[in-house]
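Residue numbers (my numbering), protein chains in the order written: chain A, 108 to 430; chain B, 776 to 1111; chain C, 776 to 1111; chain D, -15 to 488.
Hints listed in this document are in silico derivations from the structure and should not be mistaken for laboratory results. Fair warning: this is a prediction, and the values are worked out from it, not measured in the lab. Among the hints, erroneous ones may be present.
Unchecked claim - A few chain D residues that face chain B, going by a derived Cβ cut-off under 8 Å, partial list only: (1) T54; (2) P58; (3) I59; (4) G77; (5) L96.
Ideal placement from N, C-alpha and C gives every residue a C-beta, glycine not left out.
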Amino acid sequence: RKAVAADDFPAIKSNGKKVKVGLGLNYGPFNQPWRRGCWQIAKTVQEMGGQLVTIRGEPSKQSEQDAARQLLDRGIDVLVLGIYSTESETAYIVDDAHRRGIKTVGFMVNAKDSPAVLEDTWGTGAIMGNWIQNKLQRQGTIVQTAEDRGFYTPFDQEVDMLTLMTKYEPRMKMLPFMTGSVSTTDEISKGRENCLSLLQAHPDPNSLQLITSWWWPLTIGAAQALQQMNRKAIVTNHYFSNQLLSEMASPDSPIQFSTDVPYHIAGGRVGQLAIALGQGQDVPNDSYMTPISFISKDQAAQALTELKSMDDQAIALLKQYGG
Amino acid sequence: MAGTTVNSAAERRAVRSQANLALGILKRWGTIIVIVLVGLLFAVLSPYFGTVSNFNNILFSMIVSALVSMGLTYVVAAGSFDLSIGVVVTTVSITTALLIPHTGWELAIIGALVVACAIGLVNGLLVTYARLSGIVSTLGMMFVLGGINQYLTNGYQVPVDYGQVAFRFLGQGRLGPIGFPVILLAAVFVLGHILSTRSRAGHYIGAVGDNPMAAYYSGILVYRWVIVAFILSALFAGIGGVILTSISSSAQPVGGEGYLLEAFAAVFLGATILGKGKPHLLGTLLGVFFLYMVSSGMNMVGISFATRQLFNGLVLILAVGANALLNREEIHLKFI
Amino acid sequence: MAGTTVNSAAERRAVRSQANLALGILKRWGTIIVIVLVGLLFAVLSPYFGTVSNFNNILFSMIVSALVSMGLTYVVAAGSFDLSIGVVVTTVSITTALLIPHTGWELAIIGALVVACAIGLVNGLLVTYARLSGIVSTLGMMFVLGGINQYLTNGYQVPVDYGQVAFRFLGQGRLGPIGFPVILLAAVFVLGHILSTRSRAGHYIGAVGDNPMAAYYSGILVYRWVIVAFILSALFAGIGGVILTSISSSAQPVGGEGYLLEAFAAVFLGATILGKGKPHLLGTLLGVFFLYMVSSGMNMVGISFATRQLFNGLVLILAVGANALLNREEIHLKFI
Amino acid sequence: METPLIELREVRKDFSGVHVLKGISLSFRQGEIHGLLGENGAGKSTLIKILTGVYAPSSGEILLEGKPVTIHLPIDAHRLGLGAVYQDSELAGSFTVADNIVLGNEPGGILLDRGAMRREAVAIMEQIGLDIDPGRRASTLTAAEMQMVTLATLFHRRYKLIILDEPTARLSAPETRLLFGLIERFRREGITIIYISHRLNEVKELCDRATILRDGLVSGTLEREEIDEDVVTQLMVNRSSAELDISNPGLAQSQVILELQDLSTDRLRPLSIRLRAGEILGVTGPLGAGMEQIERSLGGLGAYRGTISIDGRVCDIGSPAKARAAGIALIPEDRRKQALFPNLSLGENVTLPALGDLSRVGLIGHGRARRYARSVVERLGILPDAPERAMRYFSGGNQQKAVIGKWLKREARAYVFVEPTSGVDVGAIRQIYEIILELARNGAVVIVISTSVKELLALSETIAVIHHGAISALLPRVKFTRDSLLAATISATAPAAVAEPTAA
Ligand SMILES: Nc1ncnc2c1ncn2[C@@H]1O[C@H](COP(=O)(O)OP(=O)(O)OP(=O)(O)O)[C@@H](O)[C@H]1O
Ligand SMILES: Nc1ncnc2c1ncn2[C@@H]1O[C@H](COP(=O)(O)OP(=O)(O)OP(=O)(O)O)[C@@H](O)[C@H]1O
Ligand SMILES: [Mg+2]
Ligand SMILES: [Mg+2]
């Protein structure tokens, strides 16, 4: 299914002009969605007759910006700006690129004076809220967890969205945000620890109905904690991963609903924008939202197989770019 | 002269003993008192904090961190640093998960711990015979292992079959109210404590850390004991890794690094406990407990991320400070 | 006896000089040779590596890290550790971004750097007069600042108006081919180098770090210089924070912590450079350069994430090792 | 004749290109006490460190009872029955005295038998008449106590050969007696002893033979009866001992500079004394008598009661920095712990206190600093004269010279020297004495706290003997003879002390 705001994406055709697109491969072990995105960018660029120039970096702001600056020296026509650095942080790179006549496009992040494809965080929040409210019939207590605030903006936006939606429901209560440390730590354990003490603090079985985790390792931790204390509560998740989906698929897992950002779709769109920009087609500096995929427990198994096949293709294709 | 030393010694003893009566207790217990007070604070703020089952949860949460920190204690005691312990947890966890399907869980564990010891050995050799700076070489080791972990996993988790009941019991089982891993932790601690207080190894590691030159002159095989310290540190981290694998029925490709800072905090916080002023296992354990107690307490009271960190920091400084201020030796010239 | 001195001394000098010819060069330059070789390797592997603009890129990338590491050098030289430098970058960056709209960029910078010095001062006081362990107290400070950063930003980034041309020039401007911040870095380095080699502060800090007891007996104000070292470290990190704010036209609520490990690697790698065996600013700078050169080189050659880490680690160990093996102290008993 | 216990053949050693031992061939007979003498930096310590596996020789071989042996590590030496107390021996500060005494050879297997450890240590301490609380942390001991504990470590292993590298450097007369007693006992047990010292009289008193090293070579071996000041001095520094004699001509001027009024601490009874410009006060007494209290008070190292005034101004000396500001320079006893920066270069070490004068507009002139360092090194004849070399590479005596060198520049009103010539060779002793007298001549007050009677007689103009924290004798130097002073230091009720304290 698709999200409304995501539907108006322009139809782009290649006018055959050869284009060199620069892309930094800065995904790490936990960033498989990001890799699927890169895969589709590469695929689209190839299909539309463009040439992809990549630099293999590390999953960090620093490395991402380094890669971007290095790409500027590679005779590219278009630079794809990635996910770790915010619009402000890449402004100087964009300015430099434009000075050199290189076009820029943002991938899952806004870029100064450039078009971009965005993760539809608000939509995700809304979808999540929508599902939760229906599920709980708009009454009960819920708690959210995600990585430390400020560490990854989309999470913060989704958390805020859900909090806001809950505010308007008189019979719903949102407990204080449970912060889940950062990706350099053992987030599954962290998620478990947080959830354990949360459950301690709310020993009454119906004092907590639902846990929303916006980052899958924290979700798995939460699920483990529930099992350990054998407590019943619904768990909802954002972001697919093999582990998450296989966990979710298992019947006794409390994970019942999950949203995801279809990076592959976003990647395809970024690829198209890049080609269009490179070929001098006129592209407004607008940001386009990505549709949101969301599944319920019964769809988990199927989603997993899809995901696996996509990952295999992604790895296969990106190998030739040192992925 | 015999005379003079006698009564001077006597005097000193006298002076000391009366001083002890006054401050001694506080000196020994300064940090611990702070820990207890903080605990009470939380107990007051949240009715559910002071419960047995929460105490169990804290213990359960701290297991891996405690093992890593205890291991680090030996290296610090020997006068070096080990930055690779965090990643060792991950590497060993991965090794275990990979081996289980092929060798069964018993051999898998043994194999994984052997790997851990091997890593420790390499660290030790680099720092001694190869004469490398402990910080740089273990940092290098940290990167190397990070890479190896990627090779082993391709960035995916390595699942442990839910059917591995016996293995999963190690991390998830319970004996009565107490989690089985907590018992494991206790056992390891007792062994480690005996090792460091009663055994030759512990004694010599301490001597080397205190004054390598004196140790060397008195015929102690300095290098051997430094290497042993590194092996112990890796081994303990490895045990942590095994238990972590069992707890989460899987091995994650990354994440272990997170234990590093915690471990350092625990060891150096622990060094101030009981007024010892040098790292010791009990102190480290209490240090870890303190850190996890605080974090659990803050979860219960449900305070914001910002306040959480602030509190964390202040309470840490306070705990060490309480003790430092009481232990006023003549001149204080140690800044690490 | 005068006689003997002269000719025995003469002999020794002679012997020394010829020995130098043999080993001396290698000793001094061991690590640097490795650095150069690695550089050449990359230049061979990738046509884009050996270019001026890539060199500029490397310099540009390392600015903040270099500043942080240089600051840390003073603290390590004084015989302590500072784990708060990473977060100081963030705090100062936030302060700058928040102040600019109210005070204009000049005052904002001054204000922010004052804040940095204040943080350093507190660290210094804790470690000296309050007698806290440097590691624990600066770790505590790290948490405290992390909390404060959250309060200041609520986790949102603080933008700097794109209209702040002058301010943004600091980080984004260019003079000819060279980025302006690179020139700033050079300037700070020169000042810092003079400070540590030509000023009394530098010498006293070194003396305190080498033997605090002796320094104390010689009437050197040990505490003062330790505090100065911490202030310098925070100040340098602060300068890094200001430049970072300018480069990214905004202040991020988190992220500075990342510089910490890099800084330690750089300082201890740098200590082995030029066979000094103790931290010095030039060594640190070269150390940082090395780390960033390697990372850039690996970008260029385009190797996988796993290989990348492996290589990183091995090359680090190699660089230090090369030097250690050449500088064969008679007895090696230093393991940090 | 029977095979020597140890024979060294053509032993050479160079430290990364610096040739220190240039082919030493030497043999030690069963059960003899063999003195080893030589100027600072001659290679004595290096030689015995090679013999005990601390360093590896560059070439040459070692024969034990006729059989060639290879000694890689100190533990090998211990196993072969070769024990040593090194010049730079140290204790593990955070360990107890008992732990230190048995360190490296603890009873028990994998697990230590703490009870037995303590018992053994206590037994050893009783055996050698050393009375220190075995439970005390080693870091709380005085230099002399540490030295005695270090000596005690020799007793928990059975040795064929025991090497003592300047054991008396940190001891006062009474402990020296104690030590000689121990050596006597070793001799009776037929243990061979290598005795390194710069004190010829000790060597004369103890040794059956003595070998003199000079500049990395054996310059001669003497039988007992041949051992004689002149010959030895000649062989050591090729100068006659007469040239090295020196004495204080009486440099005291009229005006009082340093005045102590009822100066007292927990371990020092109230003491009042006025010292005039150019006056050199020698202070001595047995270990633990409280000499160190004077140094601690004047150096700002410990709390004191009473007043210390300089040039009539009462000054508060709460810390070394304040002492320094007040114009007092303390040259402490334990050079490695309290005076030297081992990893800084010789140059940096000696220039450190003078940095102020060597800098213009806050910047230190490297050229100036280098020249200054050179001048100091030359003036003290520090060997090797390599200012850029790390301090830890210098020989014990040369390190001591560097410590003195640190204070050449600084114009202080009062200098407090503690054991200024411990471990310094006869040649250098003279130079250091000259420097001290020079300081006095320029109108500074000098206090020399020393346990060497010879030293006090050579330097002092006034001598104070301290017992049980109180002055038992305070007399002009002329009132003392070598023997009377020795007697006075050993017991409080010696003839010299009868004369009522009337000085200054
Ligand atoms: N991009 C978006 N921006 C804002 N809100 C969104 C966005 N996408 C989805 N939503 C909200 O999320 C909720 C579910 O979205 P969606 O429209 O996909 O489901 P639906 O309308 O119930 O199903 P369907 O679209 O079959 O016809 C709706 O309330 C919608 O307003
Ligand atoms: N580890 C070392 N590295 C380099 N040089 C050294 C080292 N140890 C000693 N030396 C040099 O070897 C020479 C001999 O030193 P040694 O300590 O043997 O002299 P010594 O005879 O013991 O003098 P002293 O009477 O002052 O103790 C000195 O010049 C010293 O600088
Ligand atoms: Mg993340
Ligand atoms: Mg010597």
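Q. Where does the structure disagree with the numbered hints, that is, which hint numbers, in rising order?
A. Hint 1 contradicted; others consistent.
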